[in-house]
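Residue numbers (the UniProt record's numbering), protein chains in the order written: chain S, 1 to 339; chain V, 1 to 339.
It should be emphasised that the hints constitute simulated quantities derived from the structure, not laboratory data. Treat the hints with care, as some may be off.
Same chains, same names: a pair is fine if it fits in one copy or spans any two.
Derived lysine-lysine pairs resembling DSSO-like cross-links, with alpha carbons at most 30 Å apart [said to hold, decoys possible]:
1) K76 / K63
2) K187 / K76
3) K286 / K238
4) K289 / K179
2 protein chains.
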Amino acid sequence: MSELRKDPVIDRWVIIANERSLKPYDFGVHGELRKPGPCVFCEGMETHTPKEVFSIRGNHTEKNQPGWTVRVVPNKFPALRIEEPFAHCVDGICESLSGSGAHEVIIETPDHYLELGDLSVDHITEVMYVYRERMRNLEKDHRFRYCIIFKNQGASAGASIQHAHSQLIAIPVIPKRVKEELLGADKYYQEKNRCIFCDIVQYHQNNNQRMIVENDHFLAFVPYAPRFPYEIWILPKKHVSHFMKTEDQELSYLSEILKKLLVSMKKSLNDSPYNLILHTTPFERKGEKSYLESYHWHMEMLPTITKVAGFEWGTGFYINPVIPEDAAEVLRKNIPDKI
Amino acid sequence: MSELRKDPVIDRWVIIANERSLKPYDFGVHGELRKPGPCVFCEGMETHTPKEVFSIRGNHTEKNQPGWTVRVVPNKFPALRIEEPFAHCVDGICESLSGSGAHEVIIETPDHYLELGDLSVDHITEVMYVYRERMRNLEKDHRFRYCIIFKNQGASAGASIQHAHSQLIAIPVIPKRVKEELLGADKYYQEKNRCIFCDIVQYHQNNNQRMIVENDHFLAFVPYAPRFPYEIWILPKKHVSHFMKTEDQELSYLSEILKKLLVSMKKSLNDSPYNLILHTTPFERKGEKSYLESYHWHMEMLPTITKVAGFEWGTGFYINPVIPEDAAEVLRKNIPDKI
Numbered sequence: 001m002s003e004l005r006k007d008p009v010i011d012r013w014v015i016i017a018n019e020r021s022l023k024p025y026d027f028g029v030h031g032e033l034r035k036p037g038p039c040v041f042c043e044g045m046e047t048h049t050p051k052e053v054f055s056i057r058g059n060h061t062e063k064n065q066p067g068w069t070v071r072v073v074p075n076k077f078p079a080l081r082i083e084e085p086f087a088h089c090v091d092g093i094c095e096s097l098s099g100s101g102a103h104e105v106i107i108e109t110p111d112h113y114l115e116l117g118d119l120s121v122d123h124i125t126e127v128m129y130v131y132r133e134r135m136r137n138l139e140k141d142h143r144f145r146y147c148i149i150f151k152n153q154g155a156s157a158g159a160s161i162q163h164a165h166s167q168l169i170a171i172p173v174i175p176k177r178v179k180e181e182l183l184g185a186d187k188y189y190q191e192k193n194r195c196i197f198c199d200i201v202q203y204h205q206n207n208n209q210r211m212i213v214e215n216d217h218f219l220a221f222v223p224y225a226p227r228f229p230y231e232i233w234i235l236p237k238k239h240v241s242h243f244m245k246t247e248d249q250e251l252s253y254l255s256e257i258l259k260k261l262l263v264s265m266k267k268s269l270n271d272s273p274y275n276l277i278l279h280t281t282p283f284e285r286k287g288e289k290s291y292l293e294s295y296h297w298h299m300e301m302l303p304t305i306t307k308v309a310g311f312e313w314g315t316g317f318y319i320n321p322v323i324p325e326d327a328a329e330v331l332r333k334n335i336p337d338k339i
Numbered sequence: 001m002s003e004l005r006k007d008p009v010i011d012r013w014v015i016i017a018n019e020r021s022l023k024p025y026d027f028g029v030h031g032e033l034r035k036p037g038p039c040v041f042c043e044g045m046e047t048h049t050p051k052e053v054f055s056i057r058g059n060h061t062e063k064n065q066p067g068w069t070v071r072v073v074p075n076k077f078p079a080l081r082i083e084e085p086f087a088h089c090v091d092g093i094c095e096s097l098s099g100s101g102a103h104e105v106i107i108e109t110p111d112h113y114l115e116l117g118d119l120s121v122d123h124i125t126e127v128m129y130v131y132r133e134r135m136r137n138l139e140k141d142h143r144f145r146y147c148i149i150f151k152n153q154g155a156s157a158g159a160s161i162q163h164a165h166s167q168l169i170a171i172p173v174i175p176k177r178v179k180e181e182l183l184g185a186d187k188y189y190q191e192k193n194r195c196i197f198c199d200i201v202q203y204h205q206n207n208n209q210r211m212i213v214e215n216d217h218f219l220a221f222v223p224y225a226p227r228f229p230y231e232i233w234i235l236p237k238k239h240v241s242h243f244m245k246t247e248d249q250e251l252s253y254l255s256e257i258l259k260k261l262l263v264s265m266k267k268s269l270n271d272s273p274y275n276l277i278l279h280t281t282p283f284e285r286k287g288e289k290s291y292l293e294s295y296h297w298h299m300e301m302l303p304t305i306t307k308v309a310g311f312e313w314g315t316g317f318y319i320n321p322v323i324p325e326d327a328a329e330v331l332r333k334n335i336p337d338k339i
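Isolated chain S (complex conformation) (with noise of 0.2 Å):
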């Protein structure tokens, strides 16, 4: 049974989930090697994971069979339950909350040897559309305030399985980091009545040396401080604060950017392993703050190449050893005309 544990200190939240120690691990001693499949999350394996919550599928195909191309089930080693009833304690300096809450996996594809960066434009955006019906459908489940989207792609970034998956956890709190950009935002809109990220989208637009790509829809680009080398934002140009809002063209041009950018990442950073995740406005919930004009959801691409230690673990600080602009010059030149 999962517990969250907050920092006496400061406003950090941890989970103790200690049946994750129990899960598989599908890499090498050395990292990156893969092992063969087919695995749990092949098609034809679909009775060896927890029943489905979501697939796309097609007609005639029945629910847990194969016929799949995109399949959401509960993780089998998770974080938090949804069957956990809600439960918060404070003693003294110490507080804490039920382990109440969801944390489902997003089969991206059946095939066992693809990665996200491998699939058709028209496949990542059933992915996308994955991402933002199951946000929808948990949305309703009055005891969630956040609901985070990640994908970890190599061992390095924290993957244990090979076979291309996101991640999804929905939690009863505002996560710290979000709270911080939200926070951030809203003195800013404060100040200056407008949302800075679309300043960023029109400062970008402005000014082309940390640009990547763009289309009609979307804007990539590396950002002015990055944590991390080749580390990549990716904003809508429309003020738009909810994932969930966004409309089915725009999920397709959405698309479109993301499989450009993991062509041109596979390509400029040798394979490197990545994380990939989706920022957005928490859940609007009765007599909580609203930041529906200041916050604008976005993603963020975080290659694995340096490693993160005691300085930023000290600080909240980074050193990033590579000039953005760079990065983004090497990005830039990798993207293809075509996909």
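Given chain S, put chain V in place with the hints provided.
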């Protein structure tokens, strides 16, 4: 030339230090394998490093010659440079500082094959003495607001050179993570008129389930909400805000507890890589808020067992698969009686 850049949304500075991409790497491609000595940090190789700024050495031995036990040199591939003049630049959403600062390497032993935990308590006391003296020295440079000292042990903890060493970075801003702790501790102090760390010391003296080891002056325990499996905090029992104010005799008590913990970690965690981080109060500067009453210096030891992945990057929260009380029990059991 380095540059500090501030993220426009949140209060996080990043050091863009492209010279560091040139630094040598002592470990094999698969991680922890080591190259045999001698290396540039070994006794007899003093002329291969930048000139020493401090050392503990025998009488009648000369600077930059053999005969030392602990030696401090500027980092050859510094994140920041002491000779860089201070400059601050704001251009719309982009804010930067010149890369002025100190980046030093504290070589803990002349012996290529010893680790910090292999050294005698007296020798570790010398290392702690050097930490304190360098901090006292750098306080005099009024460009600096904060000095962080940390140690990365092992390749997966971010070390690039195997020879036992710590690092010191003095910077012109108070780091984000430090500010969070200062503010959290100050809030507690305003509410209760007590130091939260003093209360944590008292809590652990009354509740031994996460205690590991203590002596007359220090206490080591697994914190209530640790980010990482087997994370350890070391606190002085007496309220002291600045590590710089630690007295000689206390340094030897600190070293005794460090030695015991390092021996236990080695045995408990199969020689896991780790980060050691010294958290202290910012330098006292005229016109700046003081945290003398509310903040309490301490050390964090973070074994590198789990990987930081998408969830952690996206939320600032952590998933820890080991129950803190279980971790403490293992570490406690392996504390040696005699050292």
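Quiz item: Using 30 Å as the alpha-carbon threshold, which applies to K289 and K179: within, between, both, or neither?
Solution: both (12 Å within a copy, 25 Å between copies)
Quiz item: How would you classify K286 and K238 at a CA-CA limit of 30 Å: within, between, both, or neither?
Solution: Cα proximity of K286 and K238: one copy only (26 Å, versus 46 Å across).
Exercise. Up to 30 Å between alpha-carbons, please classify K76 paired with K63: within, between, both or neither.
Key: Within. Shortest intra-copy distance 18 Å satisfies the 30 Å Cα cut-off; inter-copy 60 Å does not.
Quiz item: How would you classify K187 and K76 at a CA-CA limit of 30 Å: within, between, both, or neither?
Solution: For K187 and K76, neither the intra-copy (40 Å) nor the inter-copy (40 Å) Cα distance is at most 30 Å.
Against the hints set out earlier in the document, a violation occurs for number 2 only.
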